[in-house]
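Asker: Place chains B and C on chain A using the hints.
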Amino acid sequence: MKQSSHRLDFTSRGKGLLEVTQPIAEWAAAQGVETGLLTVFCRHTSASLLIQENAAPDVRTDLEAFFSRLVPEDFAYRHDDEGPDDMPAHIRTALTQTQLSIPLFDGHLALGTWQGIYLFEHRARAHRRTLALHLMGE
Amino acid sequence: MKQSSHRLDFTSRGKGLLEVTQPIAEWAAAQGVETGLLTVFCRHTSASLLIQENAAPDVRTDLEAFFSRLVPEDFAYRHDDEGPDDMPAHIRTALTQTQLSIPLFDGHLALGTWQGIYLFEHRARAHRRTLALHLMGE
Amino acid sequence: MKQSSHRLDFTSRGKGLLEVTQPIAEWAAAQGVETGLLTVFCRHTSASLLIQENAAPDVRTDLEAFFSRLVPEDFAYRHDDEGPDDMPAHIRTALTQTQLSIPLFDGHLALGTWQGIYLFEHRARAHRRTLALHLMGE
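Residue numbers (this note's numbering), protein chains in the order written: chain A, 1 to 138; chain B, 1 to 138; chain C, 1 to 138.
One chain only, chain A, in its complex shape (with noise of 0.2 Å):
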């Protein structure tokens, strides 16, 4: 049994999903391990983790309008010190994840055929974000 650890760096586009599977997938693959649990963790409070369909584009579009509908930035919140796009970001985050841990099977993330992983921005700038990887496995 053994484990490794990383660290990947992604610059967001501000408020939206950035599918992150394939750094992700290809790190975990080159590990050598055959059967474990890698768990991605996000290093933020402004910006969370989603498995989500990864075919349709609409979807994403789709999931970004339902998130600014249900957490408005047009409301009296207490935090507002950080522009009206904060606290509906930690909101947005609290709702959302800020862990995956994916089981690998025969060397592979064992997502599905319509799974894919994402950061899920919820600052309007573009950010910069930490995700710390660990696998654990043999």
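Quick caveat, the hints were computed from the structure, so don't treat them as lab data. Note that the coordinates shown come from a computational prediction; the quantities given were computed from them, not determined experimentally. Don't take each hint at face value.
In silico EDC-like pairs for lysine to aspartate or glutamate, Cα to Cα no more than 16 Å straight-line [claimed, not checked]: (1) B:K2 / B:E138; (2) A:K15 / A:E64; (3) C:K15 / C:D58; (4) B:K2 / A:E138; (5) C:K2 / C:E34; (6) A:K2 / B:E138; (7) A:K2 / C:E138; (8) B:K2 / C:E138; (9) C:K2 / B:E34; (10) A:K2 / C:E34; (11) B:K15 / B:D85; (12) C:K2 / B:E138; (13) B:K2 / B:E34; (14) C:K15 / C:E64; (15) C:K15 / C:D85; (16) A:K2 / A:E138; (17) B:K2 / A:E34; (18) B:K15 / B:D58; (19) A:K2 / A:E34; (20) C:K2 / A:E138; (21) C:K2 / C:E138.
Footprint (simulated), chain A over chain B, 3 or more residues, beta carbon under 8 Å [stated by the list, open to error]: (22) 9-19; (23) 43-55; (24) 70-79; (25) 82-95; (26) 98-105.
Glycine is no exception: its CB is placed at the ideal position from the N, C-alpha and C atoms.
Answerer: What follows is chains B and C alone, placed relative to chain A:
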């Protein structure tokens, strides 16, 4: 330290919560691990996982009703070619969990007394759903 | 490779976020693991876990207020025999996390600078809450 992996298939009965605690707990117990970590991963983007109360059935009815109200079908989603329940299913999945990890203590899942593991089906019709299981421990 | 397990008890103060980062981080650091994976599991269905901003207290106030609005108590839930705050507590739990796994790098949790671990109490009154901890690594 050793690990085991498995796939469990279920047929959902349309929208709502399907309890899957027993087959998961039985598989975990059969692996001969005293202390460890069990990961359950749902390989779909229109069904998800929840830990919820296993006593009152009304809790499941109210949960399903809440998510139906929160994510209405009668909305002008861009992604609508797979039926009115498809985009809401992706959103409901985003709002709940695709993966759960549960510690194993003394050979048993460390679930609380009132906790059950549920597959949350978000499509209107019954679907075949696969959970990937991974257990690590000794 | 080794593993450790532990239980931590907390008394919440009614609805809202209670920071639990320090006792969790201290226990993890005391296990003598350099690289590994810590899992925190909340053994309840009316309290949950969140990674959130650990700086501005207003963020916690706004989060609690958002969830109170999103999941109102004055609704005709079928499950109402444990008080008006019980069914909303189950729904708020479903919308947040029951489990968090955090990688350990260089002997420390790989949390971002502004990230804290919070127990999110969803019942109106104070409750005794138990978190199950599991650490694996070396």
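Asker: Hint by hint, which ones does this structure get wrong, listed from lowest number up?
Answerer: 22
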